[in-house]
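**Q** Chain residues, written in single-letter form:
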Amino acid sequence: MSWLETLRIGLEAVRTHRSRSTLTVLGILIGIAAVILTVGLGQGAQNQVRDQINSLGSNLLVVTPGSTTSSNGIRGGFGSASTLTVQDAEALASKDVAPDIAAVAPASQRSLSLTAGTSNWTTTVVGTTPDWLSVRARKINSGRFITSQDVTSHAAVVVLAATTAEQLFGGRNPIGATVAVSGVSMQVVGTLTAAGSSATANEDDQAILPISTAANRVFGGATRSSVQNIYLEASSSKTLSAAYQEANNTLLALHRISTPTGADFTIASQQSILSAATSVDRTLTVLLGGIAAISLLVGGIGVMNIMLVSVTERIREIGLRKALGAPPRVIRRQFLVEASVLGLAGGLAGTALGLVGAALLPHLISQRIDISLPATVGAIIVAVGIGVGFGVYPASRAARLAPIDALRSE
Amino acid sequence: MTETGSSSTESLSAAGSLSAGSPASRPPVIELDGVRKTYRTGAFEVEALRGVNLRISEGEYIAIMGPSGSGKSTLMHILGCLDVPTTGSYRLAGEDVNQMPEEDLAEIRNRRIGFVFQQFNLLPTLSAWRNVELPLCYAGTGRAQRRARAIEALEKVGLQDRIAHRPNELSGGQQQRVAVARALVTDPALILADEPTGNLDSASTQDVLSLLNELHASGRTIVLITHEPEVAATAGRVVRIRDGDIQDDTGPGHQAGSAAGTTAGPGSASGTAARSGNTGTGNAVRGDSAPLTWEVRQ
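Note that the protein sequences, when read in sequence, are chains W and L.
Take 1 as the starting number for the first sequence in this note's numbering and just add one per residue.
Take 1001 as the starting number for the second sequence in this note's numbering and just add one per residue.
These are computed hints drawn from the structure, not numbers from a lab.
Each statement offered as a hint is correct.
Under 10 Å between C-beta atoms, here's a sample of chain L residues computed to sit facing chain W:
#: 1; residue: E1102
#: 2; residue: E1103
#: 3; residue: N1121
#: 4; residue: L1126
#: 5; residue: C1137
#: 6; residue: T1186
The beta-carbon is built from N, C-alpha and C at its ideal position, and this holds for glycine as well.
Using the sequences provided together with the hints, build the complete structure.
**A** Given below as structure tokens:
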């Protein structure tokens, strides 16, 4: 009997055993779609975090006061005491001291209440310098950013991020309006374009002041020259480690610290932030992948069951076909075709459902889904493999039975 | 293998008449020698056949009778190559079936043997003509020809207006006629019917039996298994089997003692005696069959 003939008989059997075929296809379909979506969710989350960290600025180094426990468990420095100062930032900005550092932005922030007319809004108020804009890779939406002039003159000006402007002014143009930051009146001179929220902070909900204005007129306190972070931008990605060394050496010298392990500051590169953030997401991906694998397994066992039962139900049919002159190889082929058709249908439908879900779900749950090709291909192979394997194996065994044993089986 | 053609339709129309010539003079199509079949069920070994010797000539119409558990179905399955003997030899048309690989056995079942089962064994999902064409699928016949021959076979059994019906839309008798059509669609030399009337009412039984008669009249060898004497009575030879062995064989050429029966002359009777001796089994003939065999024994 030709393959074409076998294909026709197989398709017909799939059509006539409608409910069984539907169940098999459904089992394969759900397994594959689940893998595509769950692994896609994990990957999406991971990529999202990576993109956000990249969007913080290119070739970024962040200096924070204190020191963190190093990977080998040794902890140095002074905890989180604010040991960084405006002077440190000025030193790092010098081309003679640190030629590979292109821009420096010291920053301090507090969570404070802003009032504009009758509306008020609590947000992160950041005191910084004009370089902040380029170091953090942000863009001005309207108006202007703070200038060096503003910094030296302690100007009462503020730049609002997108969400903050929206909360305080609604749809109105905030430029030129007055905002009270913790009771101090400031004039809005510009707004930032939206950047999206990162894993750690909402980049679109903040108000930017000149660092001098913030320290002296808003935050107050005893150590007005201290800053919480110094953002550094290396001149290029190639000079990033050179910039790191220069910053490290300069700060160690300025702080009169002789041993690197005793540093009272930490310099984090974008890469290190990224790896810390993605390791969490990788755990998430593994977890989701595990769930998907289990759903695939459950679907596979379901498919296995249906195939085993359906072949067992049809042992009489196999016996009859053998009695009428079907050689074992033709019987095997018939069931191979049937199982393959079901597996293929389930595989295609599952992939389609997964892709459609990946396209639609982000609109519903505001979570990015990135399709993983290896996981998708792996899921298809496993699901279709189970369907075909457990469709063909029992049929192949039945095909070897003496026809009369197959015919007499119940 | 002859192809199904209009000639067989014509010969079928000569219903009821026995084929010409003495079956005994023809070469044996079936030769069983010392066939034993043992089944193992758990700790028990059941000997279904205990050394059966049987020769069936081409064109014979033979009924195998026996109570349930006598081994008649096992014998039938071995004759149909659906099962293999534990020991002993089975030669079908001169070929030793025991030595054949599964592929060749499948081809023999396909081309030489037509089966009619008590349970009809039709595929419920297929229409009548699709059921009938099944053996042709495995014979590699082209699609158009398969359909034509299947419809032709259904016409022979009088079901030309039920071609597209599924088995569950047909009566028991009609289903068995579909099964008969399926058995004859490949134009096999040997037709094996395993209690074909066991599930049928008397009217349908008559339908099926007259179909078998027609097939016999067209020159086919027919082996019929039954436990009903009136069904066995249509056959030219009756073999009784009990406890796995042949107990009684009326021999070839015997015309059963039905009302229309006893056309066989003394020549036939001697043929019977010779044949009985030949098969080498018990010759104790029961009284419920033909008077001729009484003469043989006395």
